[in-house]
Every structure is written in structure tokens, then in C-alpha cells.
Amino acid sequence: MKRTGEDMNQYLEAISQAGTIAIIGHIRPDGDCVGACLGMYNYIIDNYENKQVDVYLGEFDTEFCFLNGADRVLHQVQDGVTYDLCLSLDCASRDRFGDFGIYYETAKVKAVIDHHASNTGYGDICLVQPQAAATCEAIYGILERDQIRVRCAEALYLGIVHDTGVFKHSNTTKDTMCIAGDLIALGAKPAEIIDRTFYSKSHKQNRILGQALLNSYMELDGLCVVTCLQKEVFDLYQATSVDVDGVVDQIRVTRGIEVAVFYYEYETDTYKFSLRSNQYVDVSQIALQFGGGGHVRAAGFSLEGKAETVIQPVLEQIALQLRSHGTDPDGMTGNRE
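Numbering-wise, the sequence shown is residues 3 to 339 according to our numbering.
Do not rely on the hints blindly, as some may be mistaken.
[To be verified] Distance condition first, Cα-Cα at most 20 Å in a straight line; then the derived SDA-like pairs of lysine to any residue:
| id | residue 1 | residue 2 |
| --- | --- | --- |
| 1 | K233 | H205 |
| 2 | K170 | F200 |
| 3 | K170 | D184 |
| 4 | K176 | V298 |
| 5 | K274 | G212 |
[Claimed, not checked] Restraint ranges, calculated between C-beta atoms of paired labels, are given here:
| id | residue 1 | residue 2 | range |
| --- | --- | --- | --- |
| 6 | G143 | S202 | 26 to 36 Å |
| 7 | E107 | H77 | 18 to 28 Å |
| 8 | G307 | S202 | 31 to 41 Å |
| 9 | E234 | H205 | 16 to 26 Å |
| 10 | K206 | S18 | 43 to 53 Å |
| 11 | P132 | E234 | 35 to 45 Å |
Just so you know, the hints here were simulated from the structure itself, not pulled from any lab data.
The beta carbon of each residue, even a glycine, is placed where N, CA and C say it ideally should be.
Taking the hints into account, I'd like the entire structure generated from these sequences.
Written as C-alpha cells, this is what we have:
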């Protein structure tokens, strides 16, 4: 069952009864994950007294650090610590917790809020809303609106902005826009949040983006654009995974393409893939083939291999979907001209 938490009061009751609470998300947290975790953190500390609330996340983009509580996020496991309640947010499966899964496993009560269609349901309380544009949208639905303060509103708005690509992705619905409007009314500042965390880039990030654009090439009769960055580029710029945020979204707007593929080497011969589609290819189904997940128009996974060969099975899966929609692209060329 994906919606065993439809009685929203189950979450607030679990929070009320817990003395100690851990909040965790997925590895390599993105804007929705960070926004969800800090949105929930701020809601709890604003409305419940005498709660110990700890947020555990991997390193994330420094542009998110203006959110209240970002400086209190723990990036390392604390040995011997257990919690009354663990809230898993924006995490489609338990194997995506990374090292922080220990807090989920040892918590007395386990609660899940997510929007990934690949989430089959886990936890004592579970709410999965695939129709929600972001986990932050799903979280808004379980909170008492008159108890949402500005610092919670800011975090939830940020998450929605990032998972909708500033409201331009096809997952944006009327409900999404109405909730975003409510969060603005509650104090979230759209121009500041969007410019600061979506469009603003460091000089290093712009140089890496430029390198990714130079490396890009077309596949499948021009219906797919691909680019790859190898580890030496990260070493050259002393970059991390957060410095490539936005690369796949930039190549996605290449005129005439249906699918964008960006993959980068984060460990020797291990590549993180990010896929985007524009109209009809379901990239979440492709990601599932390789042990990953995501959304219909945005998904990701990791593969081991060499840069020249690891891309081939991915292109084959994209080609299968293109053919299922009546397009029969030529074979993969590997032409990087």
C-alpha cells in the first residue's frame, strides 16, 4: 500500500508523542530533499516544545545554506544514538539512506513521506503521492497551515521550485501552483529563493557547465543529447557533485531533442547518470532498469564501467522507448563531434 498515511493526523500524532526525532533523506540530496527535511525540521521546532530534532543529510549545495537549520544539519553518523521517531523524506527506497539508514532501522516509529512513483511503500506510517510535484508539496498537505511559519514556508517553497524546474516541468499542476501561492502568502520570497538557489552560479560552476556543453554530442537521430564529465575535470576544478547541478537541465533545452543524458565519474569507473525527457519518454522506467529511480521526466542511477561503453545500454533503453512511441532512430553512433 502506498497511502497508508492518508490520515494526516498520524504524522502529527507521531511527532507529538516522540521526544527524539531524526529526519533523513536520500544520498546526494537535491533541493526537494533539503527543502523537505528543513521544512519539517522548522515546523517541528516552531510548534512543539522540548523536542530533540536532528537532521542527517549528505553534503549539499551551499546555496541552500540560507535556510534556517541548514547549519545544524549533521553530515556524519553519531555512534550509539537512537530515536523515538525517524522521518524519511523524499527517499524512494531504504537503500537510498546511505549511512544514515541506521537511524531508520533503530527508531521506535518509522514514518515516510515521498512522491516517487517507484516507492512501493515502507515504514510504520507511509504516504506516497506520485501526483505531487515534490515531496515538499506532499508535506504541505499534512501540516496545519496556520502553524506554518516563514522559515518552514521558505524551505518547502525551495523544494517545489527545484523539483518543478521553476514551475516549467510537466509535473507542475494547479495544486502545485496553489500551494506555492500559499507559501508565498506565508512569507516565502520567490525572487530571492529562485535567483539564489536556481539561477545563481559560481564561476567554477559556469566553467564546468561550459566543459559539459563542449563535450556534448547527439545520438538517436538527434533525439537524444549526451554529455559526460570524467573525474579529471572534477580534480582540475576541485569540484564536487553539487557543482554539476543544472547541467542536465541546460542540455535538455537543446532544440529538437526528446531525452537529455548527463553522466559523470564520481569514483574511478563509476558514473552517476541524470536523465531528463521533454514529452513522452518515461525516464523513471529507464532508471529502474539500472537500479535507480525518479520521475517520469527526471530520473537517475549509477553504473560501473568505462565512459565509452557504459552509455551504450542506456541509449538502447532510450531507443526502445522512442520506438514504442512510433519513432525508429538509427543505431547509436558514439559520435562525439
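Hint check results:
About 19 Å separates the Cα atoms of K233 and H205, which keeps this hinted pair within 20 Å; it holds. Of the pairs offered as hints, the one joining K170 and F200 holds, with about 13 Å between alpha carbons and a cut-off of 20 Å not exceeded. Between K170 and D184 the CA atoms are separated by roughly 19 Å; this keeps the pair inside 20 Å, and the hint holds. For the hint pairing K176 with V298, the CA-to-CA distance comes to about 18 Å; that is within 20 Å, so the pair holds.
A C-alpha spacing of about 19 Å is found between K274 and G212, which places the hinted pair at or below 20 Å, so the restraint holds. Separation of G143 from S202 is about 30 Å and conforms to the stated range, judged on CB atoms against 26 to 36 Å. With their beta carbons about 19 Å apart, E107 and H77 fall inside the hinted range of 18 to 28 Å. A hinted range of 31 to 41 Å holds for the C-beta pair G307 and S202, which are about 34 Å apart.
Range check, E234 to H205: Cβ separation about 19 Å, and the 16 to 26 Å hint holds. Checking the proposed 43 to 53 Å range against K206 and S18 shows it holds: the Cβ atoms sit about 45 Å from each other. In this structure the supplied range 35 to 45 Å holds for P132 paired with E234, their Cβ-Cβ distance being about 39 Å.
Hint violations for this structure: none, all hints satisfied.
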